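**Q** Here is how the chains run, residue by residue.
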Amino acid sequence: MAGTAVLGRLTWQVAGVTAVRPETPSVRTIELVVPGWAGHQAGQHLDIRLTADDGYVAERSYSIASAPGEPVALTVERLEDGEVSPYLTEELRVGDEIEIRGPIGGYFVWDGADAATPVLLVAGGSGVVPFRSMLRHRARIGSTAPVRLLYSARSLPDVIYQAELERPGGGAEVIYTLTRQQPEGWAGHSGRVDAALLGAVAWPAERLPLAYVCGPTAFVEIVSAALVSLGYPAERVKTERYGGAGAG
Amino acid sequence: MTQTSYGPDDGTLDGNAIGGLLRELFGTEMTTASGTCATCGYTAQVAQALVYLDAPGAVMRCRACAAVLAVIVRRQATACVDLEGLAALDYPPPSS
Amino acid sequence: MSPVSRGFHGRHRARGVDPGRVPPGQYVTTDFPVLSAGPTPRTPLESWTFSIRQAGETAKSWSWQQIRELPSEAVTADIHCVTKWTKLDTSWQAVSLDVLLGQVQHQARYVRAFCDGGYTANLPLADVTGGRAWLAYGYDGAPLQPEHGGPARLLVPHLYFWKSAKWVRGLELLAADEPGFWERYGYHNYGDPWREQRYSGD
Numbered sequence: 001m002a003g004t005a006v007l008g009r010l011t012w013q014v015a016g017v018t019a020v021r022p023e024t025p026s027v028r029t030i031e032l033v034v035p036g037w038a039g040h041q042a043g044q045h046l047d048i049r050l051t052a053d054d055g056y057v058a059e060r061s062y063s064i065a066s067a068p069g070e071p072v073a074l075t076v077e078r079l080e081d082g083e084v085s086p087y088l089t090e091e092l093r094v095g096d097e098i099e100i101r102g103p104i105g106g107y108f109v110w111d112g113a114d115a116a117t118p119v120l121l122v123a124g125g126s127g128v129v130p131f132r133s134m135l136r137h138r139a140r141i142g143s144t145a146p147v148r149l150l151y152s153a154r155s156l157p158d159v160i161y162q163a164e165l166e167r168p169g170g171g172a173e174v175i176y177t178l179t180r181q182q183p184e185g186w187a188g189h190s191g192r193v194d195a196a197l198l199g200a201v202a203w204p205a206e207r208l209p210l211a212y213v214c215g216p217t218a219f220v221e222i223v224s225a226a227l228v229s230l231g232y233p234a235e236r237v238k239t240e241r242y243g244g245a246g247a248g
Numbered sequence: 001m002t003q004t005s006y007g008p009d010d011g012t013l014d015g016n017a018i019g020g021l022l023r024e025l026f027g028t029e030m031t032t033a034s035g036t037c038a039t040c041g042y043t044a045q046v047a048q049a050l051v052y053l054d055a056p057g058a059v060m061r062c063r064a065c066a067a068v069l070a071v072i073v074r075r076q077a078t079a080c081v082d083l084e085g086l087a088a089l090d091y092p093p094p095s096s
Numbered sequence: 001m002s003p004v005s006r007g008f009h010g011r012h013r014a015r016g017v018d019p020g021r022v023p024p025g026q027y028v029t030t031d032f033p034v035l036s037a038g039p040t041p042r043t044p045l046e047s048w049t050f051s052i053r054q055a056g057e058t059a060k061s062w063s064w065q066q067i068r069e070l071p072s073e074a075v076t077a078d079i080h081c082v083t084k085w086t087k088l089d090t091s092w093q094a095v096s097l098d099v100l101l102g103q104v105q106h107q108a109r110y111v112r113a114f115c116d117g118g119y120t121a122n123l124p125l126a127d128v129t130g131g132r133a134w135l136a137y138g139y140d141g142a143p144l145q146p147e148h149g150g151p152a153r154l155l156v157p158h159l160y161f162w163k164s165a166k167w168v169r170g171l172e173l174l175a176a177d178e179p180g181f182w183e184r185y186g187y188h189n190y191g192d193p194w195r196e197q198r199y200s201g202d
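Chains as they are written, first to last, in my numbering: chain F, 1 to 248; chain D, 1 to 96; chain B, 1 to 202.
Think of the hints as simulated: they come from the structure by calculation, not from any bench. This structure is a prediction, so every number in the text was calculated from the model and none was measured. Cβ coordinates follow ideal geometry from the N, Cα and C atoms, glycine included. Any given hint might turn out to be false.
[Said to hold, decoys possible] Pairwise CB distance ranges, derived in the manner of DEER restraints: (1) Asp89(B) <-> Gly41(D): 28 to 38 angstroms; (2) Gly25(B) <-> Ala88(D): 31 to 41 angstroms; (3) Glu91(F) <-> Glu46(B): 45 to 55 angstroms; (4) Ser47(B) <-> Glu164(F): 45 to 55 angstroms; (5) Arg207(F) <-> Gly41(D): 24 to 34 angstroms; (6) Asp192(B) <-> Ala195(F): 50 to 60 angstroms; (7) Arg180(F) <-> Phe32(B): 27 to 37 angstroms.
[What the hints assert, rightly or not] Derived list of chain D stretches under chain B, where covered just means 3 residues or more per stretch with a C-beta under 8 angstroms from a C-beta of chain B: (8) 8-15; (9) 29-43; (10) 46-59; (11) 75-84.
[Said to hold, decoys possible] Here are a few chain F residues that face chain D, going by a calculated C-beta distance under 8 angstroms: (12) Thr18; (13) Val20; (14) Arg21; (15) Gly102; (16) Gly105; (17) Gly106; (18) Arg167; (19) Thr217; (20) Gly244.
Make the full structure from the sequences, and use the hints.
**A** Next up, the structure:
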């Protein structure tokens, strides 16, 4: 249980919104001040609970975008048919309060302690959020673990954290594939992540890498199966699924 | 007998999504707990189970055979937790 | 009590609704949320059947074609999900369970619906006869889609919607009541939305 703090009771608490920042036209980062926050690990998430004035309640989970030691930040993508994500991306403003509980999760986490194991991060859309926490954590602690992020986005304007990912620090590599629209003269990858693309960019299985895959459920199923077909043992492919398009 | 096929469904979540609910009920981190399916014997971490939350309760199913592993129904101050589909569930005891 | 989240109103909420049509604790939505406790089954229509079982035997079975040849009705109903959404004026194409149960000799007092994927729901016979329950295969003028229970689901709109079992494949006739899937896990055995019978003991 390396890196885990002693778990307190998991209770709902009120967090204040200290900053909101657009990342793309449909994605926003929200910074929170959480009284008594005991810290988190890279890759963990939070539960959020919203209550309407007539008593209606909705709960969702969101990955933490900030590194351990930084103020808690979430990055939320607006989903067309969602009921919580449109509120978080459009209505919520600085000074508002929301209920949260967390940090949550011990499976989809990376503590950076193992410098020898190459790490492959594969993100579909807003599945990049926990990886941003991991990359920032890696830079903050000066980890030399080889880390490569393969990030699948619809188009360049849909890439979240674009400026930051241009300089991830410490030699981490970021590789994009754009599935729907590529800018003129695009020299990067195009199309969906498949075994062929993974074969070209993933660490070879012989190096005993550890893989993390996060994004919409259909994306995670395809990528994790492809990694296994490339020789990654299933237990070395950690997965986190965000569901479909209407769940937020 | 019948030619019914199942899924895959884009909306299906995994055990990470009930990490908060399970920690509330068990008092410890449960997504890394190891669960064995009573139906097919497949063993995996809770984080890897199929999870359905758009339902009257949280339903956890085996990733290998889709049998129900656990059902959790939350009701204000109490919760009904049924683990009948698990032959074993190994998890670290809550730290006090 | 949780603090109110300023400006949060929840799912696409219907406005100006007659409150007399909304059971206690329910919120009216214009969506049709998809609820599911397991993977969506897909059964080819040529191998699909609907059966009535009794004492472990199949008393009567219909093919998809035979079900479609039975007299059907257009049903308009308000539906109430125990997860607190209510949807008004839903329109269905459906065969009355009176038509199906009328073809079997029995003395049952209860039924339990069984479904692809293993889901079950129990109902008193009195609640699935007398023009109050249907086998529905059409929704809003089109075939019922798999995510909403197609090719066919039960429609028992006077009870919470978990009783309207999706992907239903038949009814088991029972002399004594036996709980279904959610009823085993603490939900109310009967589930009347107007008496807010959500959980066992309500």
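**Q** Determine for every hint whether it applies to the structure shown.
**A** Cross-check of the supplied hints:
About 48 angstroms separates the C-beta atoms of Asp89(B) and Gly41(D), a value inconsistent with the hinted range of 28 to 38 angstroms. About 38 angstroms separates the C-beta atoms of Gly25(B) and Ala88(D), a value consistent with the hinted range of 31 to 41 angstroms. A hinted range of 45 to 55 angstroms for the beta carbons of Glu91(F) and Glu46(B) is consistent with their spacing of about 50 angstroms. Taking the beta carbon of each, Ser47(B) and Glu164(F) are about 54 angstroms apart, inside 45 to 55 angstroms as hinted.
Under the hint 24 to 34 angstroms, the C-beta atoms of Arg207(F) and Gly41(D), about 32 angstroms apart, fit the expected range. In this structure, Asp192(B) and Ala195(F) meet the distance hint of 50 to 60 angstroms, their C-beta atoms being roughly 53 angstroms apart. For the pair Arg180(F) and Phe32(B), the beta carbons lie near 28 angstroms from each other, so the given range of 27 to 37 angstroms is met. For the stretch 8-15 of chain D, the stated coverage by chain B holds: 4 residues have a C-beta nearer than 8 angstroms to a C-beta of that chain, and at least 3 were required.
Given a C-beta distance limit of less than 8 angstroms, the hint that chain B covers the stretch 29-43 of chain D is violated, as 0 residues qualify and 3 are needed. For the stretch 46-59 of chain D, the assignment as covered by chain B holds, since 7 residues bring a beta-carbon within under 8 angstroms of that chain's beta-carbons and 3 suffice. Counting residues of the stretch 75-84 of chain D whose CB lies closer than 8 angstroms to any CB of chain B gives 3, so the stated coverage by that chain holds, three being the minimum. Hint on Thr18(F) is violated. Least Cβ distance to chain D is approximately 23 angstroms, over the 8 angstroms limit.
At a threshold of 8 angstroms, the smallest CB-CB gap from Val20(F) to chain D is about 23 angstroms, leaving the interface hint violated. For Arg21(F), the suggested interface contact is broken, since its CB lies about 25 angstroms from the closest CB of chain D, more than 8 angstroms. A hinted interface residue such as Gly102(F) counts as satisfied when its beta carbon comes closer than 8 angstroms to some beta carbon of chain D; here the least separation is about 7 angstroms, so the hint holds. Hint status for Gly105(F): holds, given a least beta-carbon distance of 5 angstroms to chain D, under 8 angstroms.
Against a cut-off of 8 angstroms between C-beta atoms, the interface hint on Gly106(F) holds, since the closest Cβ of chain D lies about 4 angstroms away. Restraint check, Arg167(F) versus chain D: the minimum CB separation of about 29 angstroms is more than 8 angstroms; hint violated. Of the supplied interface hints, the one on Thr217(F) holds, with its beta-carbon coming within about 5 angstroms of a beta-carbon of chain D, less than 8 angstroms. A cut of 8 angstroms between beta carbons decides the hint on Gly244(F): the least distance to chain D is about 4 angstroms, and the hint holds.
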